[in-house]
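**Q** Listed below, chain by chain, are the residues.
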Amino acid sequence: MSKPLKQIHLAAHFPGVNNTTVWSDPRAGSNIEFSSFVHFAQTAERAKFDFLFLAEGLRLREQGGQIYDLDVVGRPDTFTVLAALAAVTEHLGLTGTINSTFNEPYEVARQFASLDHLSGGRSAWNVVTSWDAFTGENFRRGGFLPQEERYSRAKEFLAAANELFDSWHGDEILADQETGTFLRDAKAGAFVHTGQHFDIHGQFNVPRSPQGRPVIFQAGDSEEGREFAASEADAIFSRHATLEAGQAFYTDVKNRLAGYGRRHDQLLILPAATFTLADTDAEAEELAREVRRQQVSGATALKHLEFVWNRDLSSYDPDGPLPDIDPDVSDNHISKGRAQVRMYRDPLATAREWRELAAANNWSIRDLVIETGNRQNFIGSAETIARTINEFVQADASDGFILVPHITPTGLHEFADKVVPLLQEQGVFRTEYEGPTLRDHLGLAHPDDVRDERVAS
Amino acid sequence: MPRELHLSLALDGTGHRPAESLAAAHWTDLIGLAEQGALDFVTVGDSPAPPHDDSAGRLDPVAVLARAAPLTTRIGLVPAVSTTHTEPFRTSTALATLDHVSEGRAGWLVDVSSTEAEAPAVGGRGVAPAAELWAEVADAAEGAVRLWESWEGDAETRDGATGRFIDRERLHHIDFEGPHFSVRSPSNVPRPPQGRPPIAVALDVHDSDGQWELAASHADVVLLDADQPSTAWLARAALLRRAAEAGRDPEALRVLVRAAVDLGGGTGPGALPPAELRFTGAAADLAGLLADWHETTGVDGFHLFPTSAPADLPAVVHDLVPALRERSLFRADYTGRTLRDHLGLPRPAG
Ligand SMILES: Cc1cc2nc3c(=O)[nH]c(=O)nc-3n(C[C@H](O)[C@H](O)[C@H](O)COP(=O)(O)O)c2cc1C
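Protein sequences, first through last, are from chains C and F.
Counting from 160, one number per residue, gives the positions in the first sequence under the working numbering.
Counting from 674, one number per residue, gives the positions in the second sequence under the working numbering.
Hint data in this document are derived by calculation from the structure and do not stem from the laboratory.
Don't be surprised by glycine CBs; every beta carbon is placed ideally from N, CA and C.
Take these hints with a grain of salt, some might be off.
[Unchecked claim] Okay, the calculated bits of chain F under chain C, using three or more residues with CB under 8 Å as the criterion:
1) 704-714
2) 787-797
3) 1006-1012
[What the hints assert, rightly or not] Cβ pair distances, simulated, as ranges:
4) T835(F) x S381(C): 51 to 57 Å
5) Q225(C) x T969(F): 53 to 59 Å
6) R186(C) x D848(F): 54 to 60 Å
7) D576(C) x T830(F): 31 to 37 Å
8) G799(F) x R504(C): 42 to 48 Å
9) Q709(F) x R186(C): 36 to 42 Å
10) G799(F) x E386(C): 33 to 39 Å
11) P185(C) x E999(F): 52 to 58 Å
12) G223(C) x L744(F): 40 to 46 Å
13) D505(C) x T830(F): 51 to 57 Å
[To be verified] Among the chain F residues that face chain C by a calculated CB cut under 7 Å, a handful are:
14) A742
15) L744
16) I839
17) V878
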């Protein structure tokens, strides 16, 4: 007997502050005005997507000591946008990226519990750990947290938040009445948490929300990040969207689950994925190439090369050859407020490799940045894309994808209109929402039931 | 034509429906009704303190009002936010975002957290002396305003020719340094639609100098507690003088007197929320009282604090507002779109 088909999970990432977003396109709208968020969210809900996803950055990016101005700059506050979107959607999950370094558990738990109430059980929290001192300059404690403690704080932060979510059980509020007391138990919400990072106690003032706890996402990719996800998260927002890298990542993290007494289906792997859709595969390839050139202008190419070279390269011609000088490998990095610059662990080796590549292919700086940058993950006709997505999911490269369109706010339309119906025809994507909460969409148990299961076993 | 009267309402009294007040509909119904009455704004109070007898908890007020914003089009939305235990940067960006999602209807009721219950729940620091709390929140207000103004209104240039999304000369690092916090960068959130969402400060005439200072130097709207018309008259005059001394235009300060009201929805006078001006009775009589105060004290209007918002708000909208209109004191309908428009406050330059 063949394996039953997996159901695909799909989500929509609101276009962000990096060069994936082509703001210069004539169709591109505001990344700030609420109407863009409404448009985007309602498109995702029309397509029966699981959730909308918002990334977060707590300080505008800078490069070479100046605000980075080639990409979209600025974004609204995550909680406030999600609470407002709860008013204009009915089923769509609302996932917010919220940092565990520059916040405190009481405040964050309160905001997620509030969002969960106000959305009828649709909230999710992507726990990220950015700790850099540059971002810290906007906050009370500055860059207080050493890199190696980022996950110990995140883990304890989440544990404390869970204690707050669980400090109400859901049966404390007495039926409405004219006078008298309203709580069965005056100690409802009482909590005490003592640990290395937090020493807090009191009474939490938001009663149990529909989902009990928000759905928990995790995004970091290090060894510690993966362990954190395996022990605590309901889903991972990963960067491994190709077949092979996806399968390797999927196997890696799912194999870690048993160590925490968890089953394979208790952690979903949802990579970020870009796409270019056209009537034919050939047209899509052509269009994808054009979009990549729009995403990497000459000016952007130089700035991206600076991530590796760590030097001011503004005097170079982006249509000319790569610099002869070597990267500056000192600690002080030219780019501030980006996670990806830390990906180049050995800049000298990368520079050498890129010079060879460029020479062999006769590439300019701009060509090189385009060719070594990310290709769109899915390129083709609707049929090709639907088939590929399904193959990837059935082959355990992921449990679905978080789609990142390059046009705000209309970049999902074609996918919704053309790809989703094909997935529905194949029986691998919902035609209607089956329940009201995000846990329902993701097939995740309510935390009370998970607890019962752990107690019973 | 008499001077216009401004009317706003606190939505804090859950009206003994603790379970219902956790659902969005409780809030959106009330705010929608308040908008039918063309009220200037509603406030939602806050406290990270433990639940108490008359309520089973409180949702985050910014989230509550953001949830209501897309379902309303005119009414001002003013959450109480304390920065004592939280990050001033976040408060500023959250309020700027509330202004974006409501297209120019956000305000901020500045608050502090001063109780023994709040400090250990959030952690990090003990209960500070009141003077320190008020001085710090004045810094937070200053920081918030600088962050709102850190983007000039036309900073997003989207210049295809140069590939520059913004003109970074029009973004400014605020470099705010205070004794309790500092904020370096420009805001993450572009200039809010109102330029600067109005800042409201609650003030009792007996309050400390720190609170008076906050009100005089940062408030666009003062929610004033006063027991007598003469007290209100004197307090308003003092506020305008102090605002002028702080280099502000005293014309751009609105003083609304807080009035605890029970229009039949409450459980008797004992249930009135604390306020020095208290009223129990019929809406038509309240109209007379407010009209008298408005005429004799020079204040700009009132901030009603009902015993029970769900029970008293219908009387406000269906009885009090028409009675004030009959006296030509209250707008027949909204004439502007933003909270600043309703309050007659000019949009700040830049
Ligand atoms: C796909 C992906 C998306 C991320 N998105 C964000 C984000 O929106 N905001 C943020 O502050 N950090 C983000 N991060 C950073 C991580 O959460 C984490 O803080 C960082 O990668 C360091 O952890 P690591 O060493 O485990 O990767 C993202 C990371 C990945 C892999």
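**Q** So which of those numbered hints doesn't the model satisfy?
**A** Violated hints: 1, 3, 4, 6, 13, 17; rest satisfied.
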